[in-house]
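Peer 1: So the protein lines, in turn, are chains A and B.
Numbering of the first sequence is given in this note's numbering, commencing with residue 1 and proceeding in unit increments.
Numbering of the second sequence is given in this note's numbering, commencing with residue 156 and proceeding in unit increments.
Rather than coming from a laboratory, the hints here were simulated on the basis of the structure.
Heads up, some of the hints might be wrong.
Said to hold, decoys possible - Computed cross-link-like contacts, DSS-like style, restricted to lysine-lysine with a CA-CA straight-line distance of at most 25 angstroms:
{"no.": "1", "chain 1": "A", "residue 1": "13", "chain 2": "A", "residue 2": "56"}
{"no.": "2", "chain 1": "B", "residue 1": "532", "chain 2": "A", "residue 2": "27"}
{"no.": "3", "chain 1": "B", "residue 1": "367", "chain 2": "B", "residue 2": "303"}
{"no.": "4", "chain 1": "A", "residue 1": "27", "chain 2": "B", "residue 2": "167"}
{"no.": "5", "chain 1": "B", "residue 1": "198", "chain 2": "B", "residue 2": "167"}
{"no.": "6", "chain 1": "B", "residue 1": "367", "chain 2": "A", "residue 2": "27"}
{"no.": "7", "chain 1": "A", "residue 1": "53", "chain 2": "A", "residue 2": "12"}
{"no.": "8", "chain 1": "B", "residue 1": "264", "chain 2": "B", "residue 2": "327"}
{"no.": "9", "chain 1": "A", "residue 1": "63", "chain 2": "B", "residue 2": "167"}
{"no.": "10", "chain 1": "B", "residue 1": "530", "chain 2": "A", "residue 2": "143"}
{"no.": "11", "chain 1": "B", "residue 1": "532", "chain 2": "A", "residue 2": "143"}
{"no.": "12", "chain 1": "B", "residue 1": "198", "chain 2": "B", "residue 2": "220"}
{"no.": "13", "chain 1": "A", "residue 1": "63", "chain 2": "A", "residue 2": "27"}
{"no.": "14", "chain 1": "B", "residue 1": "198", "chain 2": "B", "residue 2": "447"}
Unchecked claim - Going by beta-carbon spacing under 10 angstroms, a handful of chain B positions derived as facing chain A:
{"no.": "15", "residue": "166"}
{"no.": "16", "residue": "171"}
{"no.": "17", "residue": "197"}
{"no.": "18", "residue": "255"}
{"no.": "19", "residue": "330"}
{"no.": "20", "residue": "524"}
Unchecked claim - Restraint-style ranges between C-beta atoms, simulated for each label pair:
{"no.": "21", "chain 1": "B", "residue 1": "182", "chain 2": "A", "residue 2": "89", "range": "42 to 48 angstroms"}
{"no.": "22", "chain 1": "A", "residue 1": "21", "chain 2": "B", "residue 2": "188", "range": "42 to 48 angstroms"}
{"no.": "23", "chain 1": "A", "residue 1": "141", "chain 2": "B", "residue 2": "239", "range": "21 to 27 angstroms"}
The structure displayed is predicted, hence computed values, not measured ones.
From the three backbone atoms N, C-alpha and C, an ideal C-beta is built for every residue, glycine too.
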Amino acid sequence: MQILEILVFEDKKGLFSEFSQFLPLEKVEQSHLPAFRLEIERNLVLLIYCVDKDQKFSQEHLKNVFPHLSRFILLSDQQNFLNLDLPDVFQDLYNEYDPYIASTIVLAGDSGERIQPVESEGRPGYYLNKDSRLFFWNQNQPKDRNRIWQMMWEE
Amino acid sequence: MYTIVVFLLNEKYRQEITDYFRLPQFDLHLTTDEREVVDICGKELVDIILVWDANIQAIQHLQAKLNKMQIEAIPLIPIVNDSENFHASIEAGTFNAIQIPMPRMEFTKIITQLLEFERDASHQVNQKIADDLTEASNLINSLHRLSKNRESALITVTQTGHSGRIYVREGKIVRAIFRVLEGMDALNKMIGLYKAEMTIHVTEVVDEDQFKLEVPDILVKLHQRLNEQRKNFGYHLSDSEILVVNDEESEESPKLSDLQRQIMKLMAKGETAYNILTILNQDNLDILQALKLLSEQNLIVPERRQLPEPPKKIKEKPPRKFFDFFRKFFNLTPKSNEIIEEKNLEEFEPELNQEPVLNSAEVVPNQIDTEIRQKIKSYFTGLHNADS
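If we strip away everything but chain B, and leave its shape as in the complex, we get (with noise of 0.2 angstroms):
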């Protein structure tokens, strides 16, 4: 059973989120606090957090809310109705938005990806940590869940040939080795790491635990690392920017630290700032702190590299359709000024994100639900008899 935490911004939705919720393998929690959604996410092993009818104040609202508490590892999903709220919940990092309205065997598809996802999180493997850091919380989730569930599990941690554990025992986390850094630092350094890919072994672990500190606790100091890399070096050390030594300027300028130099010979040997990361051992955000300035000084610069040109579309419209069926029922030919050039069909492209429709008798449109249809039908046939 999947427990569903729904908040609800717009009545009008009530219904229907009910009745979609009504299957036996949702367990359902509708409510328009926001108080009682945290509240709810605190207490109960909740799968997924729906915001309906969402806009991006009550998601970013929510998700401190959420952070404040620690709750941060419930995937948060906004139920958007226009495209604006849509393209705003992407940019500020809530990958998982759907717009409405949809089919709902599109969206029972879509929900039941996303809770099969989340539940099978402990026992995924190959899974990436990140590409951006947007999606580093997946070790956390990870990490969370193995807690709720107290499991056992080995997670290991790989970039580029280097690799990390961590010893998970009946929830908690006993011990974290990556390279010659243990416990917190060695933590520290998996949950920063660009481009690393997480495989989680479920199994008995009997190592001793050299952690002091409860799981939670420990959670909240990897939220905190992973804010405080997000907001601080924004930047995303995308494929598209990689980062190489200006050959203008000299390596040997006496104002650089020794990091900044252990980086700048690391670069110019060919190593990129994902793996830099990596090899090096001091602290990530310490790291990333020296290659901001390195690259405020001009020392090092993006290389850029030439994406492909997108497709090009073509930018005439479909010709109008909506009569023209109605035309060919009542066998009416076409107006003079609506003759439309034959094109080759092969090259539009639709401006639908549906399947094309061939038949449109075979498409099921908006369902009302047989009992309101009776009752609408019961209340006309009322007001005619009482005409009568």
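Same shape as in the complex, but just chain A (with noise of 0.2 angstroms):
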């Protein structure tokens, strides 16, 4: 059995629960963060644990959580994205296990407008890791969110 573990910060509560709405998730009971479930197939399961700034957790568990991470997602609202500040305590882990877990950065919007980066700094992936993307999810569009769940695990 081999298990995948992610951790997913979501900027406003909720997000997360529209973003994997399509998903057959089971909630995990007795997890020390709020976790679920996804059976990708027999021998392969997808461990979700779901947080937000607002929630209180400690550092000792996510301290547990952090070295066996296979991915980090961050949801956020594109506009509150630009004050976005995570807890220190998150911070500090996601700083040090930064250059070791892929990323995916998923900017929420709900239409096609994008904020834009600069010209000259606009490459992909330029300060991001081999492994880590951007995306822009298109909330009014539910294809979008299915398109992103694929296009995070392409190499």
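Hints in hand, dock the two standalone chains.
Peer 2: Spelled out as structure tokens, the structure:
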């Protein structure tokens, strides 16, 4: 049995629920952090922890989770993202493990408009790890989130 | 080929371990049963035991089981995933604990070094037996390995100019001498020395067998002596605590034994406790007991040395960098409460114990297998199509 652990940080409560609406997630009881199980096949399971910035969680629980993560997903509203601040305990651990965990940043918006990168630095993947991605999610297009879930695993 | 036994305590690592040790140079035995670990170690020539996702209780329990079966010679390496267990392992005396996660390359380097070190033990030269008895089992390990490989060798043990020899012929210990001591007395003396050095010469040995015991029995007795010495005389006689005669007390006290008087005279001449163990022919345990009693009576006291002060660490944390690059990416100015003063970066001691990353794009994150990716992607594609 292979278990891939994923940590989702949602900037606004309910974003993950919307982002994963079409997935047959099973809630995991008795977990220190809110967690969901997604069975890909019999021997392959994704274990998805979901936290938001207003939630109270202990550093110890996060310290146990971070070293084993396969992926970190940040869900944020496009506008809120500009002012996003992670809780200290979270940010310190993220900084430490950042080189070793692939990140997927998903910026949600309800229209096709996007915050534009500066042209001279707008090269895709310039600031991200080899395996990390930045996606814009149009919430009015349900297929958009399906597409993002597929593409985030591409090499 | 290296024979590895992995005592698995967390199922989630099974696939990863199996994949890693699939390489042709490894013969892997993976089990979740402690009894099976002991069983394999008793039957095969195992190079190392890895306890994976180790905790201190599991390590101690397994060590006790191996000791009971006289299989102490195989190195036991805890693989731990948190700093608490890492430090607990070090304090318990297992100095080769490995903390995960760790980049694969780094892990390979460490495991290979450990395996090569252990495998070459029978051919190593100038190896220290012990700084504080924690690694005294290096001598026992070497004897065990020579025995298993049925090799012949001459082992020389030296401490401050005094040397002893152990003759091994085709894996059998045939002779041991240390100054005027012979046989088990010589072996007992050598195994208990502090800061001694060991040299192994693989060579033909023709000496006749003076021991009436087989090697496993000899090694059991040596283990027992070592354990007794560690258990009863736990203070390590470290460099920072040299024992000297307390001039305020009389050494002519009628309560002193002959051995204690001998020790006091040698110490008065400037001999250290390490040297006294080597110089005197009495049993190490008796000498250490005498030292302990002298210390309790305040007739010898520690001479404390000044250790150099550790370098001062800069307490400020490096500035936050999580979203700095995104702000730059979108050409955003930092928020007012995040304006950070210019610091002399050379003064910072990074908190991370990894090499500094110059460009995050150059560092390869934890890689997920291509096959796994495909499976996951196919799964989501399937869902997407169903949704359509």
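Peer 1: Determine for every hint whether it applies to the structure shown.
Peer 2: Quick rundown of the hints versus the structure:
1. A/13 x A/56: holds (13 angstroms)
2. B/532 x A/27: Given pair residue 532 of chain B, residue 27 of chain A holds - Cα atoms ~22 angstroms apart, limit 25 angstroms.
3. B/367 x B/303: holds (19 angstroms)
4. A/27 x B/167: holds (19 angstroms)
5. B/198 x B/167: Status violated; Cα separation ~28 angstroms.
6. B/367 x A/27: Not satisfied, since the Cα-Cα distance of roughly 67 angstroms exceeds 25 angstroms.
7. A/53 x A/12: At roughly 8 angstroms apart (the allowed maximum being 25 angstroms), residue 12 of chain A and residue 53 of chain A satisfy the hint.
8. B/264 x B/327: Between residue 264 of chain B and residue 327 of chain B the Cα gap is close to 34 angstroms, so the pair fails against 25 angstroms, i.e. violated.
9. A/63 x B/167: holds (17 angstroms)
10. B/530 x A/143: holds (20 angstroms)
11. B/532 x A/143: holds (15 angstroms)
12. B/198 x B/220: holds (15 angstroms)
13. A/63 x A/27: Satisfied, since the Cα-Cα distance of roughly 22 angstroms is no more than 25 angstroms.
14. B/198 x B/447: violated (41 angstroms)
15. 166: holds (7 angstroms)
16. 171: holds (8 angstroms)
17. 197: This interface hint is violated because 30 angstroms lies over the 10 angstroms limit.
18. 255: holds (7 angstroms)
19. 330: violated (52 angstroms)
20. 524: Nearest chain A Cβ about 9 angstroms off; hint holds.
21. B/182 x A/89: 42 to 48 angstroms: holds (43 angstroms)
22. A/21 x B/188: 42 to 48 angstroms: Between residue 21 of chain A and residue 188 of chain B, where Cβ atoms are some 44 angstroms apart, the hint holds.
23. A/141 x B/239: 21 to 27 angstroms: For residue 239 of chain B against residue 141 of chain A, whose Cβ atoms are near 47 angstroms apart, the range 21 to 27 angstroms is violated.
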